[in-house]
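A.B. asks: Based on the hints, put chains B and C in the right spot on chain A.
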Amino acid sequence: MIFIYASDDTALELATAAETLFPGEKRIAIGTKCNELLAYFDEVWSLGEFYPNAELLRPLLTAIVPSGSIVLLPHNTFGLDLGPGLSVKLGAAYVPDVVGFDGIEGATLKAVRQEYAGQVSAHVHCDISRGAVITIRSGIFRAAEPSKTGQLIDHSAAVAGITPRRRFVELIQAESGDVDITKEEVLVSVGRGIGDKENLALVEELSEAMGAALACSRPIVDAKWLDKPRQVGTSGQTVKPKVYLALGISGSFQHLGGIKGNPFLLAVNKNPKAPIFQAASVGVVADLVEFLPVLTEKVRAAK
Amino acid sequence: MEILVCVKRVPDSAENEISVSSDGRDIKREDLVYSVNEWDNYAVEEAIQIVEREGGNVTVVSIGDAGAEEIVRREMAMGANQGVLITDPAFEGSDGLGTAKVLKAAANRAKYDLILTGAQADDGAGQVGGMLAALLDWPYASLVNRIERKDDATLRIGREIEGGNQEINDIDTPCVLSIQTGINEPRYVGIRGIRKVASLEVPVLDSAALGVNDAGAAAAKVRRVDYFVPELGAGAEMLEGSTEELADKVVGLLKAKGAIK
Amino acid sequence: MTQLFFLLVALAGLGTFTWIIVRRVQPLLHAAPDPRFNDIPRRIQLVLKLWLAQWRQPRYLLAGVLHIVVFFGFLILAARSTELVILGIVPDFSLHLGRWYDITKEIAGLAVLAAVVILAIRRAFFRPARYTGHTTEALLVLGMIATLMVSELVYSRTGSLAAYTIHDITFFTFLCFLPMGKHFHVITSLFNVFFMRLRPGNVKPVKYGVTDLDSLPSLGVKKFEDFTWKHILDFYSCADCGRCSDRCPANRVKRPLSPRNISIKCREAAFAQYPIVGVRQAPSPVVGAGQGQAGAPVLHEDEIWSCTTCGACEEECPIGIEYIDKIVDLRRGMVDDGLVPQSLQKPMSALEKRGNPWGKLEKNRAAWAAKMDVKLVEKGETAETLYFVDSMTSYDDRMQKIAQATARVLAKASVDFAVIGKDEKDSGHDVRRFGEEMLFEALKEQNAEAIRSSEAKKIVVSDPHALNALRNDYDGMPPVQHISEVIAENVNKLTFKPLDSAKTYTYHDPCYLGRHNNTYDAPRTAIDCIPGLKRVEMKGNCRDRSFCCGGGGLMLFYEPEEEQRMGVVRVRQAADAGADVIVTACPFCLTNIEDAIKVAGLEGKMEAIDLVELVDQQT
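So the protein sequences, as listed, match chains A, B and C. Residue numbering for the first sequence is 1 to 303, as defined by my numbering. Residue numbering for the second sequence is 1001 to 1261, as defined by my numbering. Residue numbering for the third sequence is 2001 to 2619, as defined by my numbering.
Calculated directly from the structure, the hints in this document are not laboratory data. Because the structure is a prediction, the values reported are computed rather than measured. Fair warning: there could be bad hints in the mix.
Here are the simulated lysine to aspartate or glutamate pairs, DMTMM-like style, with alpha carbons at most 20 Å apart [stated by the list, open to error]: (1) C/LYS2422 to C/GLU2381; (2) B/LYS1255 to A/GLU204; (3) C/LYS2265 to C/ASP2302; (4) C/LYS2360 to C/ASP2397; (5) A/LYS298 to B/GLU1240; (6) C/LYS2346 to B/GLU1070; (7) B/LYS1196 to C/ASP2397; (8) A/LYS197 to C/GLU2563; (9) C/LYS2353 to B/GLU1038; (10) C/LYS2265 to C/ASP2246; (11) A/LYS270 to B/ASP1248; (12) A/LYS273 to C/ASP2397; (13) A/LYS197 to A/ASP287; (14) C/LYS2371 to C/GLU2322; (15) C/LYS2346 to B/GLU1017; (16) C/LYS2207 to C/ASP2473; (17) A/LYS33 to B/GLU1162; (18) C/LYS2363 to C/ASP2416; (19) C/LYS2363 to B/ASP1012; (20) C/LYS2503 to C/GLU2603; (21) C/LYS2379 to C/ASP2397; (22) C/LYS2360 to B/GLU1038; (23) C/LYS2223 to C/ASP2302; (24) A/LYS303 to B/GLU1245; (25) B/LYS1249 to A/GLU290; (26) B/LYS1196 to C/ASP2212; (27) B/LYS1028 to A/GLU115; (28) C/LYS2457 to C/ASP2500; (29) A/LYS197 to C/ASP2246; (30) B/LYS1028 to B/GLU1017; (31) B/LYS1257 to B/GLU1245; (32) C/LYS2422 to C/GLU2441; (33) B/LYS1111 to B/GLU1054; (34) C/LYS2353 to B/GLU1069; (35) A/LYS197 to C/ASP2302; (36) A/LYS197 to C/GLU2561; (37) C/LYS2360 to B/ASP1031; (38) C/LYS2353 to B/GLU1017.
Just chain A, same shape as in the assembly (with noise of 0.2 Å):
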């Protein structure tokens, strides 16, 4: 049986790898608010109304995933929560942070990694012969259509003997500041390739010719040189763009994870093997200091 636990929209993505990877299984959705799911899945599981903190989830799983299960989790700051502890209750193999898969072969599961931010990938074969936890990359798989009609099974009930030794306790929103970069069409995007923090005015004169906003990778926040709404990943926001310019932005998997709905995106980076390139539509290979005066002053003259 194939569980799939729906924190958010990736489990659609991840009903699309179950059927890839196992063609014809079962699969079950599970979670705290996944009842309209049914068009997705053999049988959605619904554990009641909580806020999903993994240390009450792990004992719930472990007490109703049955034994040599495969369960897939989105890799993100939930799954890696939940993912490494749950393995070891199910007696599973843990197989993190998927990127691609390269099928089964016996009881031998084999997977692509990425390591180093990226700069190399690795083969990985997992021995899932008394089950796996998966967690795998947004974006890897297309998020399903409807093609079930499944059935909903209330397992609320398994909740009231758990006393979790970590308990929720409020959510801290970032602060919004006077933008809102996920309503944005259009963002000018920086990252650490910038160099300095005066060259930032080059990318603002830039966005303010262009009419975007400006947004910026987590290296420009943790310097301090913008505020933390403008950033795009998955520890900053999530943003659905149709024109996403990544100036100076390597393009780690966190960055990429914050842009959704495939906007037409187009980097400019001084490193010809940034991995920006790879996710990019159109790639230029310059350096931001002398490119973007020379753009800015052309957007202008565009106008």
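C.D. replies: Just chains B and C now, with coordinates in the frame of chain A:
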């Protein structure tokens, strides 16, 4: 608090490119220099700050070859009270679970109230902390970016989650926390600091001392077969030309996509 | 009866004054050692020039001239005042100063009085921006000086007892008031100039007399007594004239640093910790995070990291107060405690591991010379002259062009030279100035060994930071020259092509070539050899008043709080001087200035070039 921090020696990949060795079994290591995994360094700083506030001891443990002693000493120079090095060829090729088993044995050698790990490493997957907690049957939280004491038996912690939001939890001790960068500002350790701890003893433990015989390549369910370099630039159409020409082409594309208002 | 009264006044005044001075000397006695009795003739020469001749005063013309009037007035009137004080106790006492003296002191008294009136009006109504605070204190002192002058004039003419009494009491009040604040300089400046630092460019050792740093329990300045006694004397001597801060580039761009404020805050800390009445107080930490609340550090860490060590403040101070050594000592203390900004930790660690701040591969250090015919020590080649390239010029894509131009110009001047290659490490110049003395020592030892084994007889550099390190920080090196000096010496061997351009050039003095190594003329000579080149000076901001471009070495990595870049200020100064091209002679200056041109929006209107690139082009 008695705190154990698990640290790992990793290649410095910030400036120099990581490439694959000719047989594909490893990355090219000739020109690499090594340092402590950045996330682990934040974990050690956090442990030191907790002990500065509450009293107690910080112990640093690392699994690796003799080279890992250098990073154990660096963390001791930072302020960790003691260091332990775990070295045994039998542990080579361990998967995440194997590593967690070895660390569990190390953790059981004393009574710790808190175990910290880095949230991830460049050559890892952010798995060992969660597995160690499960093996010890302790509660766990990942991506921790804030730790405060709530009461004698509870810590109030923040987790960095999507959207830059922070998930606040209360967690019972003893527990395992994996630490996210940015939780603090790690202090600088220079040559002088390392020299000061040069004479301190760093005990070395092997599988016999720890009583662990189910780690290593043979026990691993997950193993890396080879490294390879992913196809580069596959997706992007690369523009060519002088700066002027490039800018013209980019403006043309942006205009066509309606990105110039 | 009146004699007894004036005797008591004198005894009380002198007794109080002595007590105050004894208390003020206490911190100096607890301070770190600082040998300052070497080269007495040079010290006397400095006293005559800076103190007696007030050499640096006219750099700020109006304030300077007025100060000179008051200074000489005081010197002249000192004899008369002494005579007057004794006269009250011993009737008919006279120093027999003569008629000429009487005339002189009359003129002096009137001149001082006039100067004081102008100064008071200026202080109260037209206060220059560099004066902040202390206005009441300044006006009070000016009032006392005026009172002394007037009462002396009145007494000399009328013999009025009242005038005498006023003079006598004001005299002792004034004397005892001096050590309470910024007017302490009236007493201490003579000593401060005598003991001022003699060796430019160099940085003081961590602790005088200690070579084994591992034997020290603590490095650098952490508590007040870690300053040397001379540095505390500096704090006492600051007259709060604000010239240092007025010229300080960090202060100009609104970084949280003002050298004058360091002196004032530390003086106040000294007075608080060692009060005139009462017991010695517990010390506050000298430098750290928090500010404002009780027990907070005297100085903020950002203040101390903001300094580029350009030396403009020390060049300006009329009485030889030093700042760079203090800044470096404070940084040493922070480094020793691990209090290093995150932005600096990575480059420092890369310097330790790879010998350059980016962590680039050692084997690529001479990659810039790959397609050139350059001798490499790493291949066993030797030459009479060694070209020490240093990290910036070795690795930075743009700055490698300086290395290539230097190699070509040396060849054109028929200089037989070699480059070390992979065994060359960063000179450590700015590692040292950022307080990481141990790392500096390690880099220095590796370089010294590589230089010794190259058997070179001379060293040439294109980076003034390397020049200063090898010349002033390293010991036992062969003579070191900057490439501009080599060019100036070899102009006869070079054939200069006329410049085919109507552009106007200006020369930017790099701090470590100019102020710290006194090389102002060689680069100008080199530029002026190019026929048809029009050169202007950035008047008021050239030579020893050059404005720092933003700093080199680790300053490239530091992220200061500032309102604008120093480089932008500098580029605007060049534009104001009517220049189209800024010539400099330092890879860091070139980096900062090229970036600043873009930030200032002057791209296409202004350009920057290194001196050696320009000479290479035109020969």
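A.B. asks: State the violated hints by number, sorted upward, taking the hints as numbered earlier in the document.
C.D. replies: Violated hints: 7, 14, 18, 21, 28, 29; rest satisfied.
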